[in-house]
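**Student:** Take a look at the letters that make up each chain.
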Amino acid sequence: MNHIRNFSIIAHIDHGKSTLADRLIQATGLVEDRDFRDQILDTMDIERERGITIKSQAITLPYVDKQGRSFELNLIDTPGHVDFSYEVSRALASCEGVLLLVDAAQGVEAQTVANAYAAMDHDLEIIPVINKIDLPSADIERVKEEIEIDLGLDSDQAILCSAKEGTGIGEVLEAIVKKVPPPSDLAEGPLQALIFDAHYDPFRGTIVSCRVFSGKVRAGDRIRLMHNRATYKVEEVGLFRLNREPKQELSAGEVGYIISGIKTVSDVRIGDTITLENHPAPAPLPGFKEVKPVVFASIYPVASDDYRSLADSLEKYKLNDAALVFQKDSSAALGLGFRCGFLGLLHLEIVQERLEREYDQSIIMTSPTVQYRFVLSNGETITVDNPVYYPDPTTIVKGMEPYIRASIMIPERYMGAVMDLCLERRGVNAQFSYPTPGRIEIRFDMPLADVIYDFYDSLKTVTQGYGSFDYELLDYRDSDLVKLDILLNGERVDALSQIVYRESARPRALNACEKLKDEIPRHMFKIAIQGAIGGTVIARSTISPFRKDVTAKCYGGDITRKRKLLEKQKKGKKRMKMVGSVAIPQSAFVAVLKTDKKGS
Amino acid sequence: MSPGLYVHVPFCRSKCPYCGFYSVPSAAPVPIWFGGVKKEVLLYKGRFDRFDSLYLGGGTPTFLDGRTLSGLVDHLFTHFDFAGDTEFTIEANPCDLTEETVRLLKGMGCSRVNLGVQSFDDRALSFLGRCHTAEDAKEAMERLRRFGFDNVGVDLIYGLPEQSLDAWMDTLRCALSFQPEHISCYELTLENGTVFARLQDRGNLRPMSEEDGRACFLAASRLLRGAGYIHYEVSNYARGEAYCSRHNRKYWEHVPYLGLGPSAHSFDGKDRWWNLRSIRGYGAELDRGRPPVEGRETLTGEQVRLESLALGFRTREGVALRHIASVPQSEEFLSRMEAAGLVKVRGGRIIPTDEGFLVADHLPVCFS
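Those sequence lines, one after another, are chains D and B.
Note that numbering that gives the first Met the number 0 has the first sequence beginning at 0, numbered continuously upward.
Note that numbering that gives the first Met the number 0 has the second sequence beginning at 0, numbered continuously upward.
Excised from the complex, chain D in its bound form (with noise of 0.2 Å):
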């Protein structure tokens, strides 16, 4: 086991995290340089197209230090947003070490610390990494001065290096070496197992990357996930390289897959320990946590004759993301469709764009909502996470929303700022700490409605980026709620409804209806829009008809152009959907939740 190393790289975004992994892994020699390409662990593309990391992932690298001991080197990669933290920390719980990279110009932000602490939790080892040294502006000094300070981490023993240029790779790869103590894990002993991933192959089924803590499996043996209560037979165990590259068995210390005949992902919960059915371990690993959905909203299809091929897209898609759950809705406006639920904001744009992406699928998503509950005058309480579903106002004794407790962490000069913002979003109870001189963390319980209103956007815009944000769910309190209808030229939109806090309804309507009206294009008539509740309108305000849009020329050389933009506006407007006679794009339904203070 000595000559192994579990470790994570954490950052903040872009402080270089996957140009680093591309060189760790180039360094090694596992790929030929021919056969690489940037961002190599993040297959997906969305992945690579907003450079963030979504899926954990795992690779095995061969490294021989400079005393010439071989070492298998394994490095996990983990997704960078607060709607995974539950993944990271799996991750986290499966390395012996991190690496902390850090920006040569930028310095210590919010995540930095964030993750360094998370590192802590996890009594981690800690390597400072000072990346991007060949910037113009790179400023050595100060960042190991905010490495010292913020972070309360020995700055002397930070590495140098640039990613991009590939200079201290090899300072770094004998650090790890070093510094990341080798798993101290028993060999013998009952197995246990860490799933910090899964993915779906559609050749072997469910993929389960895992860490093994003790004991040994193999292929032929039978495990047992403790916490599902499920069998298998194993199939396959092995490492990843680039790509799997099968072993004969998994033992204590090492990190890597099995594949057990297990059809979608939603068969195995993230977190959850295998051992083996005939010798189990006494019990699970810490730290299990059932992941449930939070945000909800729906999804329809464009052209309602697309609703066969939505639901087959869905069921693909969910083979690979077992925190998605959908069942099937329908709305007067929008048709036949899905009400899903996400862990959080992110993961709901990430479904959005995927399965526009990989699965082809036009759809509208509506404004997203969390679960509310409402105590009825026959003495039921009814849990309603579609507007669709809110009661009828005379039959309602109370309503309910649920809270959070958000943690937010920033340097001191944004307090003010930050302040604001939270009691706007119904912060109560506030308590603040120091964690280190300059540095302010304020706690809040506030409504999570709230938070998924665009909260996270604000927070990073009013601290500039440096604001990290966490947040628990705490328990539901009581809320006067209304519905809040948006009309269309008169015409109820079900779709646009939102369930509100009463104080908030007409703020929202009002912003609403400017939202609409920046995204629904002219028409060749007036389009009125209203917010209103019950029969009483609270906002409203027009779309002029636009009144002149025709070239001037059109002879021979133009009409090929005219017909392509023709066909172009075709396509655009099979992406638009008809209410009434009013076509609605995509973005509106989304863009209704979006406040103007978007992140920089």
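These aren't lab readings, by the way, just hints derived from the structure by calculation.
Hints may be right or wrong, so weigh each one.
[As the list claims (entries may be wrong)] Where chain B lies over chain D, by a calculated footprint (3+ residues, C-beta under 8 Å):
id, region
1, 541-553
2, 559-565
3, 572-580
[Said to hold, decoys possible] Computed list of chain D residues with no C-beta within reach of chain B, every gap over 12 Å:
id, residue
4, S154
5, A157
6, K246
7, S308
8, E348
9, D384
10, G415
11, E440
12, K459
13, R505
14, G533
Note that the structure is a prediction, hence the values are computed from the model and not measured.
Quick reminder that beta carbons are idealized off the backbone N, C-alpha and C, glycines included.
Here the structure of chain D is known, so what remains is to put chain B in place on it, guided by the hints.
**Tutor:** What follows is chain B alone, placed relative to chain D:
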């Protein structure tokens, strides 16, 4: 309808800052071009039915010296078949129309001259980078009349920054005083790649507002129709049915046309193709005996339908109802358009009104 023949003459005295057509401000490559056109004529000889329109456009056809110009026309008439009443149009710049040139045009058999007047306001002319004055334009008009041209078209541009409605009406009234058979009123368009477009990108040029553009358009239509002109296409007016441009109508009605010269487009009823946008490249392909074609497409039924919509809503002929029959919700859209005063349905066709012309690019989208 018989096919039309177009020849692109890609030369100008100087480049106007608003013009996006292909041309070069030099006479040096004229021999390459002329040699090319002569070869291209032979390539298509016998491939089209008898033409009943010939249009020499550009660029500036009157930039060519007399020998080249009459040599070109001789070559066309030698190798192609033309109807006896062929409409033979040439585009001309007022400053080129000396007595000698006008006599030459008449002698060549030219039946229609389209004069690039643009404005009768000297300030506007200098803003547009034109080489002539209002006085030059008036003289050119008179000269054409004197030499017996009884079918003269005048091109005008409106929508210049700072141009008032009154100034535009003055230009129109001045044009009317010559009783031209045809008037084209083009709103200034900032075409990609032109000097004006670059100025706009840098914030140094702002076109007329939508509202002012509408006002100029509607006032022009009212004035010219009052003076007896037919507003037969978004930007085109004719003093009687006989004076509608026979050649240009072919573009709008899917009638075949052959375009010769660099960047010219052709359509044979099924295929459309367009030539290289470079005199040198054009000449080189022809030297190798190959058609100087840059791109080609074969229209599907749906593409023809979409073009019929895009083109039809720009003309007084409108669009046949059968072109929209298969489109979902088309009746709803149509009745909304009628209610909004954008179109009228008459004789199985949807006919745009003046207000409809103003949104002619949008109307087809509803039925696409």
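**Student:** Just to make sure I understand the rule, a stretch counts as covered if three or more of its residues have a C-beta closer than 8 Å to a C-beta of the chain. Does the region 572-580 of chain D meet that for chain B?
**Tutor:** holds (count 3)
**Student:** Would D:S308 pass as off the interface with chain B, using Cβ distances and a cut of 12 Å?
**Tutor:** At about 19 Å from chain B, D:S308 clears the 12 Å cut-off, so the statement holds.
**Student:** With 12 Å as the threshold, tell me whether D:R505 passes as away from chain B on beta-carbon distances.
**Tutor:** 32 Å, holds
**Student:** May I ask you to check that D:G533 keeps its beta-carbon over 12 Å from the closest beta-carbon of chain B?
**Tutor:** The claim stands: D:G533 keeps its Cβ more than 12 Å from every Cβ of chain B (closest is about 30 Å).
**Student:** Per the stated criterion, does the least C-beta distance between D:A157 and chain B lie above 12 Å, as a non-interface residue requires?
**Tutor:** Since the minimum Cβ distance to chain B is about 46 Å, D:A157 lies beyond 12 Å and the statement holds.
**Student:** Would D:K246 pass as off the interface with chain B, using Cβ distances and a cut of 12 Å?
**Tutor:** The claim stands: D:K246 keeps its Cβ more than 12 Å from every Cβ of chain B (closest is about 56 Å).
**Student:** Say whether it holds or is violated: D:E348 keeps its Cβ farther than 12 Å from all Cβ of chain B.
**Tutor:** 29 Å, holds
**Student:** Taking the shortest Cβ-to-Cβ distance between D:D384 and chain B, state whether it exceeds 12 Å.
**Tutor:** Non-interface label on D:D384 holds, nearest chain B Cβ at 33 Å vs cutoff 12 Å.
**Student:** Okay, the region 559-565 of chain D and chain B, do three or more residues pass the C-beta test at under 8 Å?
**Tutor:** Holds: 4 residues of the region 559-565 of chain D have a Cβ under 8 Å from chain B.
**Student:** Per the stated criterion, does the least C-beta distance between D:S154 and chain B lie above 12 Å, as a non-interface residue requires?
**Tutor:** 48 Å, holds
**Student:** Test the statement that D:K459 is away from the interface with chain B: the closest C-beta pair must be farther apart than 12 Å.
**Tutor:** 31 Å, holds
**Student:** Quick check: do three or more residues in the region 541-553 of chain D have a beta carbon closer than 8 Å to a beta carbon of chain B?
**Tutor:** Check passed, 10 qualifying residues.
Against the hints set out earlier in the document, no violation occurs for any number.
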